[in-house]
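Chemist: Relying on the hints, combine the two individually framed chains into one complex.
Chains as they are written, first to last, in numbering that gives the first Met the number 0: chain A, 0 to 238; chain B, 0 to 78.
Keep in mind that the hints were calculated from the coordinates and are not lab data.
If a hint is listed, it holds; no wrong ones were tucked in.
One-sided excerpt, in silico: chain A residues whose CB lies under 10 Å from chain B: (1) 115; (2) 128; (3) 223.
Facing chain B, from chain A, some residues (calculated, C-beta under 7 Å): (4) 5; (5) 49; (6) 123; (7) 124; (8) 127; (9) 131; (10) 135; (11) 222.
For every residue, glycine included, the Cβ atom is placed at its ideal position computed from N, Cα and C.
Spelled out from the first residue to the last, the chains are:
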Amino acid sequence: MRQILTPIVLVLLAVVLWRTVPMTAPEEISAIGRHFVEHGVAENRGANIVTSVIVNYRGLDTLGEVSVLFLSVAGAGFILRRRTGLTLETPTPASELVETGARLLFGPIVLFGAYIFAHGHLTPGGGFQGGAVVASAVLLLLLAERDRALAHNALGWIESLSGFLYVLVGLIGLALAGSFLSNKGILPLGAWNSLFSAGLIPVIYMLVGLKVGSELAALIDTMMHSGEPAATETEEARP
Amino acid sequence: MIVVDVLVCLAMVITGIAAIFQRSLLSAVVMVGFISLMVAYLFLRMDAPDVAMTEAAIAAGLTTVIFLIAIRRTEDTEK
Numbered sequence: 000m001r002q003i004l005t006p007i008v009l010v011l012l013a014v015v016l017w018r019t020v021p022m023t024a025p026e027e028i029s030a031i032g033r034h035f036v037e038h039g040v041a042e043n044r045g046a047n048i049v050t051s052v053i054v055n056y057r058g059l060d061t062l063g064e065v066s067v068l069f070l071s072v073a074g075a076g077f078i079l080r081r082r083t084g085l086t087l088e089t090p091t092p093a094s095e096l097v098e099t100g101a102r103l104l105f106g107p108i109v110l111f112g113a114y115i116f117a118h119g120h121l122t123p124g125g126g127f128q129g130g131a132v133v134a135s136a137v138l139l140l141l142l143a144e145r146d147r148a149l150a151h152n153a154l155g156w157i158e159s160l161s162g163f164l165y166v167l168v169g170l171i172g173l174a175l176a177g178s179f180l181s182n183k184g185i186l187p188l189g190a191w192n193s194l195f196s197a198g199l200i201p202v203i204y205m206l207v208g209l210k211v212g213s214e215l216a217a218l219i220d221t222m223m224h225s226g227e228p229a230a231t232e233t234e235e236a237r238p
Numbered sequence: 000m001i002v003v004d005v006l007v008c009l010a011m012v013i014t015g016i017a018a019i020f021q022r023s024l025l026s027a028v029v030m031v032g033f034i035s036l037m038v039a040y041l042f043l044r045m046d047a048p049d050v051a052m053t054e055a056a057i058a059a060g061l062t063t064v065i066f067l068i069a070i071r072r073t074e075d076t077e078k
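Isolated chain B, as found in the complex (with noise of 0.2 Å):
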């Protein structure tokens, strides 16, 4: 399991950095997204299920949803 965990640390970093550099910003977004719902993971292998929640409802939910609401209603590229 501590082999899945690695993979799941390494995998966020990567694409923490790929959100940093993407010029699409929706692209980018759903990056951060997915860095949270992998936080939630990692929360729930520590036995904190309250907190895996929250992290999944609120940060891969609907941060994610305000963010793309936002885009839609500005530009969808980085200047």
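In isolation and in its complexed conformation, chain A is listed as follows (with noise of 0.2 Å):
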């Protein structure tokens, strides 16, 4: 059954983006476009016009999508945690090569991290990208280290702490400057291209990094020790 209406389905999915995706690029960008291009330098002083959109002129999307990653890691861990039985037998250990190897990367692939989404505002990247190479840090540790385990509290609260401030911090903004997420005229907005500039996008950028890194590391170590007695070490991720 599979094999006959796998290939239909395909041929009305080709049918249907043959028809409806438009073959050549629009003519002009719309008024809300063409706003932003024109106006996101000036107004928010940040290299990179794309995190203007994403952390600025539409950061309640953003708040809205780190909810639902923080929903869907909420939900894995509940599920995960409460299944028994699933051990396998003890894998392998890997060899002293591959451990050292992963802790000597481990530093330099979080440091990436943070610098992908501390630079958020100036070069392509931020608060998404870096926490998930800040992540596929923690995932390449656990791989190399079977029977480490994270440090939940901690990472708990360096979430809801990052999520917490990101909601404050668009609340100083419905306060000083009338509107949520608000930039104007909160923190100053420096030189253009300069580390300190574009006023809170960079803030809010890191809070997001945070999150996302700490979430989506959670997720994996949650997936990889699911159905293993009860942790009994809380060692640090950090070698």
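Modeler: What follows is the structure, encoded as structure tokens:
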């Protein structure tokens, strides 16, 4: 049955895409898009206009996206924590070379992730990308050392605190400048293309980066250790 | 450069169809990760480095690994 249905669905999808997706780029951008392009740099002093749009003009959407990620991680943790009897036979420990290499790479990768979300307003990338890079460093460490467990309390605190501060920053904008997550006149905008510029945008992106990184790290840890007897060790992730 | 783009798109379509008919779930997951990587390249070609980074980090990296963890905990071939 599936062998017949799959090609049919694929052909239908191809027809629909063929009819709906325009094959040429539109001649001009919409009025809102033009406003972002023309005033984005002047209003926020951020070198990366994409970040200005994501964190400032569409900041509420980003808050929603972060909440969606939080909900899905919480749901996965809730389901996976309760499973018992999934324990596999003890896996072969990684060789010393792999373990040492993973420990050596952990620091630089976390640093690179932090660089990506701290420079989100200057270069491509930002909170989500940097957070994913940080989580990949944690994943590398967990793959190399199978019995290492993360400190879930600390991760939870980082995650909740950054989410709380994100909303707080938004409310400060509401109180001082009259709109939620506003960037007008709260922090000095600074010089264009310097690290301390663009007002609140780097602050918010760092909070997003911390939140995404700790959430994904907790998710990976939950998935790798689900079904094992309750963790007795609460070792820190840092070597 | 347009030739490379067309080749990448063709490779994506072929890999996608091959992933559907693959019996080993491990190979299928790796193929889907390859498609995500190619999508990241296409985003980069369309001057969207932000989206390309997200695609490469989340779809090609984390999603693949999460699928691999899930497969290791279940059966690794299709019934």
